[in-house]
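Chemist: One letter stands for each residue in the lines below.
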Amino acid sequence: MTATIERGSATAPVNSPKKAPARKRPGGFLGSSNGKKVVMAVTGAVMVLFLVAHMLGNLKIFFGRDSFNEYAHALRTLLEPIAPYRTLLTILEIVLVVSVVMHMWAAISLSRRASHARPVKYVAKKSQANGYATHIMRFGGATILLFVIWHLLDLTFGVVNPEGFNSTPADRMVSGFDASRWWVTLIYAVAVVMVGLHLRHGIWSAFQTLGWANRNRYRALRVTAAAVSVVLVVGFLAPPLAITFGVIK
Amino acid sequence: MNLTLKVWRQSGPSDAGRMVTYRVEDVSPDMSFLEMLDVLNERLILEGDDPIAFDHDCREGICGMCGMVINGVAHGEQRATTTCQLHMRHFEDDATITIEPWRAAPFPVVKDLVVDRSAFDRIIQAGGFVSVPAGSAPDAHSIPVRKEDADAAFDAATCIGCGACVAACPNGSASLFTAAKITHLSLVPQGQPERLSRAKAMVDQMDAEGFGGCTNTGECTAVCPKGIPLDAIAQMNSDYLKANSK
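Protein chains in written order, with this note's numbering: chain G, 584 to 832; chain R, 280 to 525.
Bound-form chain G, shown alone:
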């Protein structure tokens, strides 16, 4: 059989080897993907420590409104009279805001890098590892940001709270989660579970990023991440649910 075959060129012309990297990026540690990951890990750790303290503070509501208000007041008078009113709290707030901003900056920068790295998507793609928590980190982060904005407007500034700003923290909390505002409790529940999922991957991931993980520690790290996440979710959900269901009045 003799057939004339039009095969095209056996190999298509290949681009000559790149002399210089195609994408120029800001140099230095913070310009590198690894450096940005370290930023995510360190700022994430700051936020986890904050969450633990925040959760413990919230649980004061179970000891009564006065106990909760005293705790809120104590936060503002820490280090007094050595330092003026609200000194330490303001410092902590600045550290926290800087952490949030840097965490977001690194996350956005890394996701942009990731989308540039895969311009053509797969027709079929099947995940082979880990679970749900790993794959919703970016979506989860954005959700948590929206929630934090709502949360500050609600319980910190009182803008969307029935008690308004000129009220005690405990009043804002108890009125805010009143059974008539069940949908607020629902928003909080969804958001807190999202935080839990975020930390489920985030906590062990931070250890990996900082180079402190190895094959003998993975199990312990994952169990710790899951345990911290569960404790935080339960601790954060207890007060709003207790108020909505009338346990705390």
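Zero decoy hints are in this set.
Covered stretches of chain R (chain G as the covering partner; in silico rule of three or more C-beta atoms under 8 angstroms from a C-beta of chain G):
{"id": "1", "segment": "337-351"}
{"id": "2", "segment": "382-388"}
{"id": "3", "segment": "445-452"}
To be clear, the hints were calculated from the coordinates, so they are not data collected in a lab.
Beta carbons are placed, not taken as given, at the ideal position from N, Cα and C, and that holds for glycine.
Got chain G sorted already, so can you dock chain R onto it with the hints?
Modeler: Positioned in the frame of chain G, the structure of chain R alone reads:
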């Protein structure tokens, strides 16, 4: 076995590419995945069509040349297996199989399923070596190495540079490859003098090539035909951090 294949066809780097459906009949379950494609290609040639271009060399699972995303999984769903060692008995009769190239900007498609993986070569060139006259193989135990270190270094050194880690990573990151190459030298005495400068140079080259960052999803190690463990990446992170804090 009779199969329906949906294969990515792309005539060259500048072509947009598209999925094309082929029917392959009388496939033996004992054929490897590449042999199945050979059968299809023979038919395509006889029909005067352009055969599907794919990379392959040793067909023994040790060279790292072959590799394609099969049904959404790099090298197919069989764990710790290169495409050439994947056999058709793992597929159902009358199955539909999608076949795509590694998809990453630093791995431009040359043709069909063939991608240009020179980016990996440039990462190695940036620091994946030891600058000492190595000579012939040294006598065993002339340089003492802890058993655990030797094992971990060997695990990392089994990397064949196929690129499945990049293909599987949702971020298109080359972290597992780069980490394997860094780890296999950073755990043995010969690699110590350049340990930190190596990590820095290779990670920076990885970034310069346009690979994404690692988010510790573990997709890479799950598809790695050599099962390179995820802690290689922790080793790389540790070395990179030390290199930058000096």
